[in-house]
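Trainee: So you can see what is in the structure, the chains are spelled out below.
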Amino acid sequence: MERRSFLKSFTAAAACVAVLPRMASAADEAKKVAGPNEMSYATALAAITGGKAVVESAKVKVEAPEIAENGAVVPVKVTVDSPMNEKEYVKAIHVLNTKNGNARCANIYLTPANGEAFFGTRIKLGGTQDVVAIAQMSDGTFLSAKQNVKVTIGGCG
Amino acid sequence: MKTLIKIKPKTYAVGDIVKIDFMAMHPMETGMRKDKDTGALIPANYIDEVKFLFNDTVITKMVIWESLSVNPLFTVSFKVPSVGTLKVIAKTNNGQSVESSESITPKG
Chain L
1 MERRSFLKSF TAAAACVAVL PRMASAADEA KKVAGPNEMS YATALAAITG
51 GKAVVESAKV KVEAPEIAEN GAVVPVKVTV DSPMNEKEYV KAIHVLNTKN
101 GNARCANIYL TPANGEAFFG TRIKLGGTQD VVAIAQMSDG TFLSAKQNVK
151 VTIGGCG
Chain D
1 MKTLIKIKPK TYAVGDIVKI DFMAMHPMET GMRKDKDTGA LIPANYIDEV
51 KFLFNDTVIT KMVIWESLSV NPLFTVSFKV PSVGTLKVIA KTNNGQSVES
101 SESITPKG
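In order, the protein sequences belong to chains L and D.
Okay, so the first sequence: first residue is 1 according to my numbering, each after it adds one.
Okay, so the second sequence: first residue is 1 according to my numbering, each after it adds one.
This is chain D alone, in the form it adopts within the complex (with noise of 0.2 Å):
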C-alpha cells in the first residue's frame, strides 16, 4: 500500500493550524462487488482504521467503513506544537497494516 503525507501550507510556524493530507493507494472493496468474468463476489478489502500521532501521542483516531472512496483521502486539522514527527498509521480488515512519517519542521 503506497501512502502520501502532504502538510499544507509548506511553511508554518509553532502555533498555526496546518491541514494534514493522508492519501493511500487502496481499492476499497465493498464485498459486494462482483469479479465481471467469473460473477464471484470479491472479498471485502478496505481500510478499518487511521491514527496520527506525533511524537507517538494520538491526536486523531478514525474509525473507517468501505464507502469511503478508491484511494482514500483523510484530511484533518492540526496545531504545530514545536518541532517533531507525525506518523500516520492505516490498518485493514484483513490485519495489514502501514506506517508512514514525516518530520514537522516549524519555521519562525
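Bound conformation, chain L alone (with noise of 0.2 Å):
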C-alpha cells in the first residue's frame, strides 16, 4: 500500500515539472513583439510551392552546423546535384527556418549562367531549430532538405 501511493505522489510530481516549463514557454511567446515581416514557417512554404508537393530528396544539400555556439552567426551552405543548362536547371533556392519570427531566410533565384546550384550564407537563429532549403527546379518540381541546428546562444534579440 505504500508503495501503491509513493508511486502515484511520484507520478503527480513528474507530471507537475513536465507541464511547468510548457507554460513558462507560452508565456515567453505571448510576450515577444511581432516584427514587421513576421510569417510562419507553414505560411512561407505555401507562398513559394503555391500548394505543390515538397519532395525531400538526396539531391539538396544543407550544410550547417549541428551545434552552433552562436545562434547569430551561423553559417549555412546549400547545394544542388542537378545540370545548369537551357533546359534543366535549378530556378531557385529558398532558405527558411522553422522557429525564426519571419521563417524567410533569403531566396535565391539562379540562372544556368551560375554554372552549378550553389549558394552560401550566415544567418541568425533565435533558437534550436530546422534549416530547410526548398528547390525550385526549371520543371516545376520542388525539393526539400533540412538540417537541424542546436542552439546554445540565441542570435535574435
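Where hints are given, some of them may not hold.
What the hints assert, rightly or not - Partial selection, computed: residues in chain L whose CB lies under 10 Å from chain D: (1) Val62; (2) Ala64; (3) Gly101; (4) Ala106; (5) Thr152.
As the list claims (entries may be wrong) - Per the computed footprint, the stretches of chain D lying under chain L, defined by three or more beta-carbons under 8 Å from a beta-carbon of chain L, are: (6) 53-62; (7) 96-105.
What the hints assert, rightly or not - As a list, the in silico SDA-like pairs of lysine to any residue whose alpha-carbon atoms are at most 25 Å apart: (8) L/Lys146 / D/Lys19; (9) L/Lys146 / L/Ala47; (10) D/Lys36 / L/Lys146; (11) D/Lys61 / L/Ala113.
Keep in mind that the hints were calculated from the coordinates and are not lab data.
What you are looking at is a predicted structure, and each value in this text was computed from that prediction instead of being measured.
Glycine included, every Cβ here is placed at the ideal spot set by N, Cα and C.
Could you use the hints to bring the two separately framed chains together as a complex?
Mentor: So, in C-alpha cells, the structure goes:
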C-alpha cells in the first residue's frame, strides 16, 4: 500500500514538472513583439510552392553546424545536384527556418549562367530549429532538405 | 555601406566554375531589437535585395530577409564565359543602394 501511494505521488510530481516549462514558454511567446515581417514556416512554405508537393531529396544538401554556440552567426551552404543548362536547371533556392519570427531567410533566383546551384551565407537563429532549403526546379517540381541546428545562445534580440 | 567582392580561386580560365563572395558591412537590424539605454525599438534596417550582374545581364537575384547575420556574406557559383565585368547591386529596405564591381579576367 505504501509503495502504491509513493508511486502515485511520484507520477503526479513528474507530471507537474513536465507541464511547468511548457506553460512558461507559452507566456514568453505572448510577450514577444511581432516583427514587421512576421511569417510562420507553414505560410512561407505555401507562398513559395503555391500548395504544390515538396519532395525531400538527397539531391539537395544543406550544410550547417549540428550545434551552433552562437545563434547570431550560423554558416549555411546549400548545394543542389542538377545540370545547369537552358533546358534543365535550378530556378531558385529558398532558405527557410522553422522557428524565427520571420521564417524566410533568403530566396535566390539562379540562371544557367551560374554553372552550378550553390548558395552560401550566414544566418541568425533565435533557438534550436531546422534550417530548410527548398529547390525550385525548372520543370516546376520542388525538392527539399533540412538540417537541425542546436543553438546554445539565441541570435535574435 | 562598405562592400567587398572576392573571386575564388584567384586564377581561373574560361569555362571554370568559380565562387563569388560578396560581403557588405551592414548592421542587418531586424526591427525587433531594443535600444539598451532608452528601451525604444531600433527601426528595421536590412539588405532586402542583392543582384549579381555580368556585363549588365542578371545572373543571380536574391530576395533577402532580416534573419541574415550582421555583415552578411553571399556566395554563389559562376561559370566564367569570357572577359567582362561583374557588378553587384545591394539594396536595403530603406531604399539605400550600393553598387560595386570587379573585373573578370580569365587566364589561359
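Trainee: Evaluate each hint against the coordinates.
Mentor: Against the structure, the hints:
Violation of the interface hint for L/Val62 is found here, the shortest Cβ-Cβ separation to chain D being roughly 14 Å, above the 10 Å cut-off. Annotation: interface hint on L/Ala64 violated; nearest CB of chain D at approximately 13 Å, more than 10 Å. Annotation: L/Gly101 was flagged as interfacial toward chain D, and the flag holds, the nearest CB pair being 7 Å apart, inside 10 Å. This hint holds: L/Ala106 has a C-beta 5 Å from the nearest C-beta of chain D, less than the 10 Å allowed.
Restraint check, L/Thr152 versus chain D: the minimum CB separation of about 16 Å is more than 10 Å; hint violated. With 7 residues having a Cβ less than 8 Å from any Cβ of chain L, the region 53-62 of chain D passes the three-residue criterion, so the hint holds. For the region 96-105 of chain D, the stated coverage by chain L is not satisfied: 0 residues place a CB nearer than 8 Å to a CB of that chain, which falls below the threshold of 3. For a cut-off of 25 Å, the pair hint linking L/Lys146 to D/Lys19 stands: about 23 Å separates their Cα positions.
Between L/Lys146 and L/Ala47 the CA atoms are separated by roughly 18 Å; this keeps the pair inside 25 Å, and the hint holds. For the hint linking D/Lys36 to L/Lys146, the alpha-carbon distance of about 35 Å lies beyond 25 Å, and the restraint is violated. As the CA atoms of D/Lys61 and L/Ala113 are separated by approximately 12 Å, the hinted pair is consistent with the 25 Å bound.
When each numbered hint is compared with the structure, violations occur for hints 1, 2, 5, 7, 10.
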